[in-house]
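Listed below, chain by chain, are the residues.
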Amino acid sequence: MSRPSVPRRSVLRGALGVGALAVGAGPLAACAPGSTGSGPRKLTATSSASAKGEITIWSRSGDLYKVFDAAIDTFRRAHPHVTVHHQAVDIDSKLANTLITGADLPDGSFWDDAKIGSQAEHLYDLTDLIAPYRKDTSPYKLSVNTVDGRIYGVPWDLDPGLLWYREDLLEDAGVDPAGLATYDDLLDAARALKERNPKAGPIHLEKDPFLGQLWLEMLANQQGTSLADAKGALRLDSEEYRTILTWVRSAVHEKLVTHTEYLKQGDLAALEDGRQALVPWATWWSFAPQQLLKKTRGKWRVTRLPAWTAGGARSGAMGGSSFIIPAKAKNPELAWLLYEFLCFKQPGYSAVYGPGSVYPGGLNTSVPSYTPARKADKPLFKPVDALGGQDLWKVAVDAAATIPAAAPIPAWWGKSIDYLGNNLQRLMEGSMTPDDVIDDSTRKIQRNLVDRA
Amino acid sequence: MTPATLTPPRNEEHTAPAPLRTRRRRLSLTPYVFVAPFYVVFAAFGLYPLVFALQLSFTNWKGAGEARFIGLDNYTYLLTSPEFWASLGNSAVMWLLIVPVQIVGGLAAAVLLANARLRLRGMFRVAFIAPFVTPLVAMAQVWIVVFDSDYGLVNHLLRLVGLPGVDWLTSTTWAKPTLALLFLWKTTGFAVIILLAGLQAVPSDVYEAAALDGASRRRQFWSLTLPLVRRSIAFLIVVQTLAVFQMFAEPFVVTQGGPYGSTTTGGLYLYNHITASDLGTGAANSFLLVLLVFALSLLSVRLLRSRDE
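Order-wise, the sequence lines are chains A and B.
Counting in the UniProt record's numbering, the first sequence runs from 1 upward without gaps.
Counting in the UniProt record's numbering, the second sequence runs from 1 upward without gaps.
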């Protein structure tokens, strides 16, 4: 890539002329773009008892693959005539291309909620199959899997936003965590912490543009809104977003924040030495005290997010994944059987979230989106030692129950980070005002993404 | 010439040419059979994608569904887009940071390596060429570690001598120079090879004659060496200009085009359209880049030719 060869240069020189000649000839109907596209198809269930055949399933590589592998073993025992080829794949780089080309497709795959909307026409319409579970599934997860009123993903995990805090530092500063009911209370707590430690920037603000925007969307979801409405129209220029951005600016102006990248070395150092003590983040931040923090392990605790207005929702979703079945899958019925088992059947979701060989205490970085799997008195994972033995399950499922519904995530959401994600960083650095962020991001997203969608 | 030389051979059966039709068939088919594989491969992997991309650039295809013909809309969108011009501006700044430095530095290194009296000459040559043959992604990963703001080696050394750390890859001021340094590290070995070959092609008696005429070393360099390796330098300028304006892997791996798009080069901006499934705009962007690179190459070749004349 970095050094083209001379023949390549020659090819480039002749490109326009050759291309123009060939286009002029016009024999390209057979290779016209879009001629191989496929429309959405509906899927019907197969009888569980007669299920027989082979399927290939893709999961994200890493620990999650091992967790699903163990859970799929449980499925294999329940359905001995179904052979599951479970593969660890770099989903982000491979799945979209595979769906478009239609070559070597799996029968089912794990995928981020934010990406489902952009590829709906390559996926099976699962609306009818999910209908029996619909009323017991998180409204947020249903909405992000819905495109034009049809559901294209099997809702898997729900990632409620929570407030992580250093119990010892809050005690020293005389802050009662139970009193952190609103975001104004959170600023007051940060001021109290800073009084005790002038070097502190108690509240974490995210420096990575993608995660920063994901965090912003969590706070917006908490107020029942999101970047686009159900029709894909932009609604960044709203009171809800202005409230969040104004709050961020106040925190920045008062130097109540540490602006670092998620769990990079600078972030970890601030978490360990007491500069950061308040982290409003998704439930998957639990990874930090369990795996990364050494000195402060056991000192962290968690509660629900503060509300934006008294009595408002105490959580919003931050991230999340579902399962999709490609429209050209060879055995889609069997893939549905597997995902139905993992998401909606007790042995399945227990095998995913419950204690196992990969996570002896259970998978505690998210909670199921299926309400019957999310009972406060029937925890799927154990209390966490790194949180001083706190029952993370109860906090997370209580918060999950308050997450408002959302609009479908538009296909262009990922690209909007170039505008909104970057401008949010400028706000955190003090070089933009909330109105600047809203105006500039709205204009650019509208021109470059919405108008061209 | 005597009449005897015009006498036809007696044994015409053995020396007469084959019947015309047979000979024509043999002569006409055989070479085409031999060169056919090239044309087949070129048509499949060169011409077809090229034509397909050109056709794509006039549509709004998103990677799925129907492709609608939208005329020049993708081109007008790009040509009126601040982000498109910003990406070209980033490439131009990278060019300024890379090409002049590489030509001067590469020439200095080549002159040193051409000196037969230089000790450990072989080792130095290996040192220059090693980065060029190392996979770029591996080097880019090293760059990320070495220039990390928090735990990078460079900032560690700066702090050891009492200087503050620098946001090498996360500030708009430093990200481009840091990427340019990676590009220089990676490709200067190639420049040194080309310039070394140019230097070694200069006959030694030219220098001997100049020395006899009393020309100093410095005078020999400016009046002999530089003019005689001018073609190698021009070749490098053309090739590296192409490479810089197509630069993709370095910003893709190291900075992902950030911070705030400050390292989004022309190549990366094009790729961003592709990953956003905006394939029509991506294709149009690629042809605009082709035009730009073609113009720059033509300009370089013209400049070289005018100097020759």
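Please keep in mind that the hints were generated in silico from the structure rather than gathered at the bench.
Glycine included, every Cβ here is placed at the ideal spot set by N, Cα and C.
Some hints could be false.
Stated by the list, open to error - Quick partial rundown of chain B residues pointing at chain A, CB under 7 Å, derived from the structure:
no., residue
1, Ala-64
2, Asp-73
3, Tyr-151
4, Tyr-260
Each hint, compared with the structure:
1. For Ala-64 of chain B, the shortest C-beta to C-beta distance to chain A is roughly 5 Å, which falls under 7 Å, so the interface hint holds.
2. Among the interface hints, the one on Asp-73 of chain B is violated; its C-beta lies about 9 Å from the nearest C-beta in chain A, farther than the 7 Å criterion.
3. Interface hint status for Tyr-151 of chain B: upheld, as the beta-carbon distance to the closest one in chain A is roughly 5 Å, under 7 Å.
4. For Tyr-260 of chain B, the shortest C-beta to C-beta distance to chain A is roughly 5 Å, which falls under 7 Å, so the interface hint holds.
Checked against the numbered hints above, the structure violates only hint 2.
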